[in-house]
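With the hints as your guide, set chain B onto chain A.
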Amino acid sequence: MIRNDVLQTLKPIISEHLVVCNIGAPSQELHAMDDQPSNFYMLGTMGLASSIGLGLAAAQDKPVVAIDGDGSVLTNLGTLATIGNNPQGNFTLLIIDNGSYGSTGDQPTYAGMKTDLAAVARACGAENVQTVSAEDTAEAVKTAIASDEMTIIVSKCESGNVKVPVIRTNPIVIRERFMEEVRR
Amino acid sequence: MRIAWAFSLDNWRHPLRHSGCTGVRFCVQSGERWRVRAVRAKRGMGEEMATDMDHQIVKDLTAAGIDYITSVPCKQLAGVIEVLDETPAIMHMPSNKEDEGMGLCAGAFMGGMKPAIVMQNTALGVVVNTLATLIQFYQIPLPMLISYRGEVGEPVACQVEMALHTKAILNQLHIPTYHFHKPEDVAELPGILKYAQMASKPVAILCDASFWRASA
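Residue numbers (the working numbering), protein chains in the order written: chain A, 1 to 184; chain B, 1001 to 1216.
Same shape as in the complex, but just chain A (with noise of 0.2 Å):
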């Protein structure tokens, strides 16, 4: 399975509730099969899906999931330490790790090498963090969102991308509409 496929069998579960989504292929994939007021679209700035999806978590009690990819929490590796030392019980950080920059050409992350996300987020301070197959990345998740406590998942799946368009949705509309649904 690869990040879409991962997506499509997250589709009904993360459909009604609040999601930041990581800059590129990741937005624009969720983008062309589930448009969603409630999607927050990276589109720019790689790396801060895990902190914006941290301060939103923190500021209203609704529960959130930042879909996040190993290439970016690479590259704003500092988040899992605030993650793990701000446990938000309403936040879901999910991690689609496939040892590749997806969005640029997936050429290879060190978290497809020698690197271990999940280490290093419990080595952070997080109390909650699972390592799941792709197959099994759903149910992890909805069990994460039911939960009361903070969880972080790292998904491993296989390296690759889908043709899907780019999102040419205005940011101020993609922010306002979100926040119509945090205020809901």
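Simulated from the structure, these hints should not be mistaken for laboratory data.
Hints are not guaranteed to be accurate.
With a straight-line cut-off of 30 Å between C-alpha atoms, the simulated DSS-like cross-links for lysine-lysine are [what the hints assert, rightly or not]:
| id | chain 1 | residue 1 | chain 2 | residue 2 |
| --- | --- | --- | --- | --- |
| 1 | B | Lys-1201 | B | Lys-1059 |
| 2 | A | Lys-11 | A | Lys-62 |
| 3 | B | Lys-1201 | A | Lys-62 |
| 4 | A | Lys-11 | A | Lys-142 |
| 5 | B | Lys-1194 | A | Lys-62 |
| 6 | A | Lys-142 | A | Lys-163 |
Which stretches of chain A does chain B cover? Using the computed rule of at least three CB atoms under 8 Å from a CB of chain B, they are [said to hold, decoys possible]:
| id | segment |
| --- | --- |
| 7 | 43–55 |
| 8 | 172–183 |
These numbers were taken from a predicted model, which means no experiment stands behind them.
We treat Cβ as the ideally placed atom computed from N, Cα and C, and that holds for glycine.
Here is chain B on its own, set in the frame of chain A:
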């Protein structure tokens, strides 16, 4: 030693989550406050070093409705950061790097809070992309309280290098910029904070060594 910050949650509107503590605050159920206090004591943070100016700045922030602050420390900002930790109306969530901090602020803003970031001017070298493609692109109001290292009174030569680029970077990004040089300049702060919200833009408040020294 002040310990009031650890207990006065009267106005704290964000329910603490029982999975742990929120940043420097504490979790009632887990008794996390004791650990946090211990960490502070270990850092030598038990001594009060905040000045009246530090208190005034935080008072202005809370009066403007700022209720979420992330910070990356600077010597000049140590007093402000100390007061932030004592201020129940503000959720203070330190970050490791300023671009990460701006991500936290963007999330907090979308969650209904009014964020601000406390940082050093050298970090403008870190956050150009984040300012342009997140804060400005999505129009997120973000006051940036910035220690302006490398100005007259600076003891560390290397700090001068980024001081030379500070206003140029802010100018290039079209970020409204205010420079506090004398203690009385702080009178502008409430207006600047209001302006940031009105304009939905990042604004920079540069506080130089002369400002901090004369305010001590």
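Structure-based check of all given hints:
| no. | hint | verdict |
| --- | --- | --- |
| 1 | Lys-1201(B) / Lys-1059(B) | holds, 22 Å |
| 2 | Lys-11(A) / Lys-62(A) | holds, 18 Å |
| 3 | Lys-1201(B) / Lys-62(A) | holds, 26 Å |
| 4 | Lys-11(A) / Lys-142(A) | holds, 11 Å |
| 5 | Lys-1194(B) / Lys-62(A) | holds, 28 Å |
| 6 | Lys-142(A) / Lys-163(A) | holds, 27 Å |
| 7 | 43–55 | holds (count 12) |
| 8 | 172–183 | holds (count 7) |
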